[in-house]
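Chemist: Just so you know, the protein sequences line up as chains A and B, in that order.
Sequential numbering of the first sequence, starting at 292, is according to my numbering.
Sequential numbering of the second sequence, starting at 292, is according to my numbering.
In short, the hints are calculated from the structure, not lab data.
Fair warning: this is a prediction, and the values are worked out from it, not measured in the lab.
Careful: at least some of the hints might be erroneous.
One copy or two, it doesn't matter: identical chains are merged, so the pair holds either way.
Calculated pairs, PhoX-like style, for lysine-lysine (alpha carbon to alpha carbon, straight line, at most 20 Å) [what the hints assert, rightly or not]:
(1) Lys330 <-> Lys492
(2) Lys495 <-> Lys578
(3) Lys451 <-> Lys505
(4) Lys307 <-> Lys568
(5) Lys495 <-> Lys483
(6) Lys505 <-> Lys479
(7) Lys389 <-> Lys556
(8) Lys347 <-> Lys495
(9) Lys461 <-> Lys384
(10) Lys578 <-> Lys451
Letter by letter, the chains look like this.
Protein chains: 2
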Amino acid sequence: MISISSEQFKITAPVKINQLPTVFPLEESSRKIVNHLKKTRKKLGGLQNTLYAHGKYAVLVCFQAMDTGGKDSLIREVFKDFNVRGVVNHSFKSPSAKELRHNYLWRHFVALPERGKYAVFNRTHYENVLITRVHPEYILAENIPGIESVNDINAAFWEKRFEQINQFEKTIADNGTIILKFFLNISKEEQKHRLLRRLDKPNKNWKFSPGDLKERKLWDTYMKCYEDIFNKTSKPHAPWYSIPADDKNTARMLVANILLEEMQKYTDIVEPELPDKLKAQIPDYIKQLEND
Amino acid sequence: MISISSEQFKITAPVKINQLPTVFPLEESSRKIVNHLKKTRKKLGGLQNTLYAHGKYAVLVCFQAMDTGGKDSLIREVFKDFNVRGVVNHSFKSPSAKELRHNYLWRHFVALPERGKYAVFNRTHYENVLITRVHPEYILAENIPGIESVNDINAAFWEKRFEQINQFEKTIADNGTIILKFFLNISKEEQKHRLLRRLDKPNKNWKFSPGDLKERKLWDTYMKCYEDIFNKTSKPHAPWYSIPADDKNTARMLVANILLEEMQKYTDIVEPELPDKLKAQIPDYIKQLEND
């Protein structure tokens, strides 16, 4: 039995990014970790059916990570026992021309899960205080009134954006969306190994983009932005979890474990009952069918 | 080894609905059938990754069935080894007020899969020549010019609708969407058992709606409409498969088997290669990373 608590990974007080571990030492074998993942995701799949039947809450699961952080394969593994009916994945790439004609939160709002369902954001609305903060010139494409040059993008601009994101999350949380945010934390060294693996294996080549190396050079700037994100937006109703992700199996198991632990707290999520009036008629319905 | 061919289930010539089997006799044990399903869906999951990487084709998988036909659980089981990133489920219920302000195909068009992905339609655009045909008064809510009363909804109206649906599918097929349409064929007797099970088990009660019994009375009308659907809209680029569905495991295994067989025909779906220009630079990139 692997026994961990989601509290160990939750960001509840100001953090320094370089103090967040990328490795989580476990005594268990890799096989045991995978077995624990399998059991956990099965239970999660069961809870998801109840969430669907109950039909009042929605769940938003956010994933952020540096390139090669393992988001895609983690999502595949953690949500394996979900009914595809109950979960929608949204991979947010560069905004389209149409999306840029809306405010930056619009495409995320539109993609929110409906009641009874999960949405997985693979990259999230936090890219709006991350990649655009590392590359402020991208903001200009958003055509925000008053933002005519990168000189207009000052500290107050980012403060406002954090406030807007916090308000966005508070609004949806107050209306029944459960929010969980995961940062898959890999070390710069581990990223190097993973990029080299892509380059070394001809059949993995296509995943490589020279842009990956350019962004890697900005590693420290990204880390600074992440630190700000965690310290400004980890809230009780929308917490950040920093997941040591240098080992993929461990990261998958931890995310599944946290999801399960958090969802189990919602003891009011139960299958609905038939209204009493209808219940009283069941014997009649049965008779009707039996004579059919 | 279970050996079946998708051709056995494909509708390629005019059919009589009551000649389509609801039972598919297999000598294999239930355990073997489930094992075959598991192996097949694993392979499907692998192909789906390649479809995603290739990024040119999309796949639309349509499911229709009478109530209790087993669509939901079949979708859960068949797509279990898919990455949620690559498949989106759309359960089409009664159209919303907003949807009714568009033409009937709009909400289906909007839900089509993007290149590299699967969309599963759980109930489909065929409800527009099915439930609305059994209950023509529903058509009036669509506010179609010239359709003022049910008397305006004549044979020509339905012919035109079939033509529109065929054209819709031809257009998307010509532009790279692979279309597969499954009818889960249960007997009226089997539906009776399944409805009774819902009523007998208190924890299944909530799935029951008195409407189910009302629609059951219209069984023969539905069957007549389905027959028309198959005979008018099963095309080489968008075939209907009639799946004997009285046994759930068999139905799941058959659908997975057909999907796999059909997808394997697309031998041009392969992982992309890095452009030659980039490939030539790989040694440089590796050196750059190694010195990092």
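Chemist: If a hint holds in the structure, say so; if it doesn't, say that too.
Modeler: Against the structure, the hints:
With identical chains, the CA atoms of Lys330 and Lys492 are never at most 20 Å apart, being 32 Å at best within one copy and 27 Å at best between copies. In this assembly of identical chains, Lys495 and Lys578 lie within 20 Å of each other by CA distance solely across copies; the values are 18 Å between and 62 Å within a copy. In the homo-oligomer, the alpha carbons of Lys451 and Lys505 never lie at most 20 Å apart, since the shortest distance is 28 Å inside one protomer and 56 Å across protomers. Taking the shortest alpha-carbon separations for Lys307 and Lys568, neither the intra-copy value of 58 Å nor the inter-copy value of 41 Å comes in at or below 20 Å.
Proximity of Lys495 and Lys483 under a CA criterion of 20 Å is satisfied intra-copy only: 15 Å inside one chain copy versus 52 Å between copies. In this homomeric assembly, Lys505 and Lys479 come within 20 Å of each other (Cα to Cα) only inside a single copy, at 14 Å, whereas the closest approach across copies is 63 Å. In the homo-oligomer, the alpha carbons of Lys389 and Lys556 never lie at most 20 Å apart, since the shortest distance is 39 Å inside one protomer and 36 Å across protomers. For a Cα distance limit of 20 Å, the shortest separation of Lys347 from Lys495 across copies, 19 Å, qualifies, whereas the shortest one inside one copy, 42 Å, does not.
Proximity of Lys461 and Lys384 under a CA criterion of 20 Å is satisfied in neither setting, with 24 Å inside one chain copy and 30 Å between copies. In this homomeric assembly, Lys578 and Lys451 never come within 20 Å of each other (Cα to Cα): the closest approach is 64 Å inside a single copy and 42 Å across copies.
Hint compliance for this structure: hints 1, 3, 4, 7, 9, 10 are broken, all remaining hints hold.
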